[in-house]
Each structure stands twice: as C-alpha cells, then as structure tokens.
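Read in order, the letters of the sequence shown are residues 0 to 213 in numbering that gives the first Met the number 0.
Source of the hints: derived by calculation from the structure; they are not laboratory data.
Glycine included, each C-beta is placed from N, C-alpha and C at the ideal position.
Some hints could be false.
To be verified - Pairs of lysine-lysine residues, derived as BS3-like cross-links and limited to a Cα-Cα distance of at most 30 Å, are as follows:
no. : residue 1 : residue 2
1   : Lys181    : Lys193
2   : Lys181    : Lys105
3   : Lys193    : Lys105
Unchecked claim - Here are the simulated distance ranges between beta carbons:
no. : residue 1 : residue 2 : range
4   : Ser84     : Glu180    : 52 to 58 Å
5   : Val107    : Glu11     : 45 to 51 Å
6   : Ala37     : Arg117    : 27 to 33 Å
7   : Ala18     : Gly122    : 41 to 47 Å
8   : Arg158    : Ala45     : 31 to 37 Å
9   : Gln157    : Ala121    : 39 to 45 Å
10  : Arg15     : Asp150    : 29 to 35 Å
11  : Gly109    : Ser197    : 34 to 40 Å
12  : Val110    : Ala174    : 26 to 32 Å
13  : Ala174    : Ser197    : 23 to 29 Å
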Amino acid sequence: MTISVFLLDDHEIVRRGLAQLLGMEDDIEIVGEAGTAAQALARIPALRPDVALLDVRLPDGDGVSVCRDLRSAVVPPPACLMLTSYSDDEALFGAIMAGAAGYLLKQVAGVDLVGAVRTVAAGGSLLDPRATAAVLARLRTGGSDPDPRYDTLSPQEQRILGLVADGLTNRQIGATLHLAEKTVKNYVSSILHKLGFSRRTEAAVYAVERRHGR
0 MTISVFLLDD HEIVRRGLAQ LLGMEDDIEI VGEAGTAAQA LARIPALRPD VALLDVRLPD
60 GDGVSVCRDL RSAVVPPPAC LMLTSYSDDE ALFGAIMAGA AGYLLKQVAG VDLVGAVRTV
120 AAGGSLLDPR ATAAVLARLR TGGSDPDPRY DTLSPQEQRI LGLVADGLTN RQIGATLHLA
180 EKTVKNYVSS ILHKLGFSRR TEAAVYAVER RHGR
C-alpha cells in the first residue's frame, strides 16, 4: 500500500529535500506541495493525502492552524505531522489541541522521518508522551470552584486568554482583536503574572479547563 504525502514548507529547498528523501521509498508518494497555508488549504482537500507534513511557521499563518482546519474540513483528514526548527511549548500545545499525529524537529534524522511518516499513516502517534500526558492530566484534574485569579483579569485579558487557549499566536490574536503584536505580548505577560504562571502553555491549559468546567 502506497502512502500519499503532502508537503507544506515555505522554503523550496526544504520541500525539495523532503520530496527527494521520501520519494526514494517504494511505499511513499509525494502527491503535492505548498509554500503557504492558503495554498495548502486549497490543495489538500482535493488531493486527500494520507499524511500532511506541515511546517509550524509560515509566512501567512502556521501549520497548527492548517492542521486544525484540515481536521474539520476533510473527511477523513490526513494524519498531520508537524515539522519545526524550534522547540516551542506554545506550538506543541497547539499541535496537541489541534489533533496532530506527530511533532518533530527538522533536525530529525532522515530514517526517523521516514519511520514517522509510516507510523502516523498507520494511525500511530509521535507526540512526546510526557508532554501529551501533562496536557491531558491538567485537563482532567482541573477544579470547578471559582478562581479569584481569573476575576483579576480585565475583559480584554480574558478575551486574549481565550484566544491563547485556541492555540493562536500573538500575531494572530493581534489581527483578531485589531491590536499590535507587541501590545498582545504585553497583555499575555500581564495575564501570566496575574494567574501566577511562568509559561504560556500553563495559561492555555488553565483556560481550557475553565472552558470545560473543570
């Protein structure tokens, strides 16, 4: 059985390298590629690949949002394998919440990437089990009692916290609320301080817990 793969990366040389690497395998076929989120969302539904390799950082968005959109628009959706050059807690949390099947650094060895494609195509998951367990544990163990910390947030901070929980970046939040990216960053810093968190991921999980009444 041949595994069909779609490549999304804004660097042509990276796409060529991935295509050459994966194309050498008898059971893998590259059926399409794109350099922007918009191109990917336009092409993938028609091609219906088994696996979509998605760059996390894109010029017109991010791979996590593409993953989320594909999983809601394509039936059955492709297994989304996120590729990034950076270890980023925010993107990892977003990938988990978006339903990605895997999250890999671009420094991964070629043989491991090929193995990852086969694993997610077969229905497996390559998300770091410790990171996934931490997110799911926080979602399960949250309390439903009122939290006075949340009440210290201004209405705007509460809106921004909700968008953080949706996996949006500061830039995307700014575009949604018509705010400068730096302004959003300052709001996020204030939110973390008021809630007593040191990391954005913690605030995002906290907001998801509240949303689901946990």
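Taking the hints in turn, this is what the structure says about them:
1. Lys181 / Lys193: Roughly 19 Å between the alpha carbons, so the hint for Lys181 and Lys193 holds.
2. Lys181 / Lys105: holds (28 Å)
3. Lys193 / Lys105: With a Cα-Cα distance of about 35 Å, the restraint between Lys193 and Lys105 is violated, given a limit of 30 Å.
4. Ser84 / Glu180: 52 to 58 Å: Because 20 Å falls outside the window, the suggested range is violated.
5. Val107 / Glu11: 45 to 51 Å: violated (20 Å)
6. Ala37 / Arg117: 27 to 33 Å: 29 Å Cβ-Cβ, so the 27 to 33 Å window holds.
7. Ala18 / Gly122: 41 to 47 Å: The hint (41 to 47 Å, Cβ to Cβ) is violated, given that Ala18 and Gly122 are roughly 24 Å apart.
8. Arg158 / Ala45: 31 to 37 Å: Taking Cβ atoms as reference, Arg158 and Ala45 lie about 36 Å apart, which means the hint holds.
9. Gln157 / Ala121: 39 to 45 Å: Cβ of Gln157 to Cβ of Ala121: about 42 Å, so the range 39 to 45 Å holds.
10. Arg15 / Asp150: 29 to 35 Å: Once the Cβ atoms are compared, 53 Å apart, the range 29 to 35 Å for Asp150 and Arg15 is violated.
11. Gly109 / Ser197: 34 to 40 Å: Given about 36 Å between the Cβ atoms, the range holds.
12. Val110 / Ala174: 26 to 32 Å: Since Val110 and Ala174 have Cβ atoms about 39 Å apart, the given range 26 to 32 Å is violated.
13. Ala174 / Ser197: 23 to 29 Å: With a Cβ separation near 26 Å, Ala174 and Ser197 satisfy 23 to 29 Å, so the hint holds.
Checked against the numbered hints listed earlier, the structure breaks hints 3, 4, 5, 7, 10, 12; every other hint is satisfied.
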